[in-house]
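Chain order of the listed sequences is F and B.
The numbering of the first sequence is the numbering used here, which starts it at 1 and goes up by one.
The numbering of the second sequence is the numbering used here, which starts it at 1001 and goes up by one.
Hints are not guaranteed to be accurate.
[Stated by the list, open to error] Mimicking DSS-like on lysine-lysine, the simulated pairs with C-alpha atoms at most 25 Å apart in a straight line are:
#, chain 1, residue 1, chain 2, residue 2
1, B, K1058, B, K1032
2, F, K185, B, K1430
3, B, K1058, F, K81
4, F, K27, B, K1153
5, F, K27, F, K16
6, F, K27, B, K1202
Just so you know, these hints were derived from the structure itself, not from any lab.
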Amino acid sequence: MRGRETDDANVEYSDKELVRLCLSGQKEAFSRLVLRYQGILYGFVILRVKEPNIAEDIVQDSFLRAYRSLDKCTRPEGFSKWIFTLTSNLCKDYLKNPRRTEISLDRAPISSEPVAHPQKRKAGSEERFARVQSLTETLPYEMQIVLAMKHQEQMSCTEIARALGKPVGTVTSLLSRAYAILREKVIEKEREDK
Amino acid sequence: MTCSEVTQRIELYLLGEMDQGEITLVSQHLDKCPRCRNQAVEKRGKALLSTLDNYYQKIRPTASEELSSRILQSIDNEARYRERSSRSKVVKLWLTALAGVAAAVLLTVGLYLLVGQSESKPFEVELSNGSFIKAPAGSVVSQLETNKFRLEKGKMQVYLKSDKKQPAVDKTFIQTPSCDIKILEFDPNNSVDFEVDLDGEKTTIQIFSGVLEVTGKQGKVIAQRNQAVTVSSDGTPSVYVRDDPRLTSAERKARIEKALKMLEGRNKSVLDKTESRVVIAVSDLIKLGAKEHAKEIAELLRSHVPIWKEAALIALAELGAREYAKEIALLLTDNEGIARSAIIALTKLGASEYLSKIAVFLKSNDMSRRAQAVWAVGIFGGKEYIKEILDCLQISGNDQETKRVKRAASLSLGMLGAKEAAGQIALLLKDESAFVRGSAVLALGLLDAKEYAKEIAQLINDASSYSVPEGLKNKKYKSTDSVGSVARQVLKEMGVNLH
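Only chain F is shown next, with the shape it has when bound in the complex (with noise of 0.2 Å):
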């Protein structure tokens, strides 16, 4: 639902910045930490756990643990990892143990079900699906971060850069390393297949 129409404000500042506006006492700038990652988290979450609902409470989970201790994020320009890191541990526990993190908070009855979700996509496509997801969670997070904001936020390297606090080099050679690694490996395959 959410796409650069509606958020071109919200690069404005780089993710370090946002971090220690929030620490020197701006909640509000916290907010815009969820804006820009909820919607990758959510991705990431959603291919381990499954389950819709149970991605949004680990999202949120995630938003929430971060927020409480964003004094121990000791490298505020690395808040993107540490946040993929700490939301992965929690999809590892919810994993391992689905009763504990069962509902990480509480979903109040007002809310409701995402209309769609992977398991529902059309039949077919599964199988490319399955492959590119494969292929993208071995990747490191950095670059997993940096195709999620490009292809599911649809941000230019100018705003991922902005975003993240980096030259807009690195960005694009990231981008350019895993369209290298994907590229092999997804298309070469699909042309076999036919």
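Given the coordinates of chain F, assemble chain B onto it according to the supplied hints.
Using the frame of chain F, we list chain B on its own:
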């Protein structure tokens, strides 16, 4: 540039993510190399990009706006909780709610002016129903008369919950050096929630719920939830989008117009993207607090696209557009997901006149609608359905949805004061699901079921995550993060000594 270099960079080229020099080099190569044109561009580059676009679109959250408001709400609660618990000396004035007296009067104060002009202590007044008015140390707040406060310096937070439907306060509630703030309306859930911040040059009022009128020397504005008002030093008030103070009224208007245009054009285009663009437009209208355009949003309720209907339901509820309750109620007979959203929307809007229509779902075989209905009955105080809700506690099944029904049932029974249910609810204290256990504790707390204190006490070290559901009227147990902490708070309220 060689063929392999072109292949290596083809995606960035297609995305336009290169500098001009490189773009020229790649273009020149493609012009003279048909093999690359065919192989690199079509077969590889475009194929990979579209595969990735499709993949990432599939894993994005479908109700992203809702997810973010949930997350932000929990962060907000956490921040308030921290702020609250970090205060040392709290001056407590006991206020009592005047429920049934003249609609104009919201609160009456038991003790007057203990606080005065003190800067060193925080100011805090709390009502038994969870309402509060607070100001951190360093702020200067004084009470001028019943229901009238003056903020001279610093910040203050106002959260009022009313026992009456839509009470109005027809005089200034808060006075600051640059403006007067009047409460015009409560939200459909009967709350008004805002913060006032004087930072020397300007006054900022952030509104989380309710409708306020702010009058400065140079004019007055009306603003509502999700909006903020700033009053400049010369006394000119202007309305902004909350959380985005850089958006001026004019910019807000432009964004609203853009969103409305998207809604208008929805049937003209057959592009795939139109479907989600309309949803984006609707979420933008929520974000912008555009209640004045509820009519345009409500038209989507009659559309043929399910996600549009659903988006409209969420938006109308979020914007507090109570006047569409009747139309929303018509969707109770629509398909599962939509009916469920309709119940949620009616609950949020406080449309208790549809209680009997919602109560039909108390016997539904679809557990998600059933859970919503059970919750709605509790919120609306439908005591006549206690028996049906008791039956919901009996249903068997171990899936998430069944648990949701049980959780909602115990909380509803708690809200309805159904003492006779305490025994059955107490059985849920041993449920394997944390959210069922936590809700059972909470429900027993609401019922003040002291006879189960011992069983509750066994959970005080239960560290499983749990937080009190949004919308639960009682704010006493608001800031909790585990079953154990709810249990401790409940026991404290019951007056049970843990040692």
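Now the hints, each set against the structure:
no.: 1; hint: B:K1058 x B:K1032; result: violated (38 Å)
no.: 2; hint: F:K185 x B:K1430; result: violated (50 Å)
no.: 3; hint: B:K1058 x F:K81; result: holds (23 Å)
no.: 4; hint: F:K27 x B:K1153; result: holds (21 Å)
no.: 5; hint: F:K27 x F:K16; result: holds (14 Å)
no.: 6; hint: F:K27 x B:K1202; result: holds (19 Å)
In the structure shown, a violation is registered for the earlier hints numbered 1 and 2, in ascending order.
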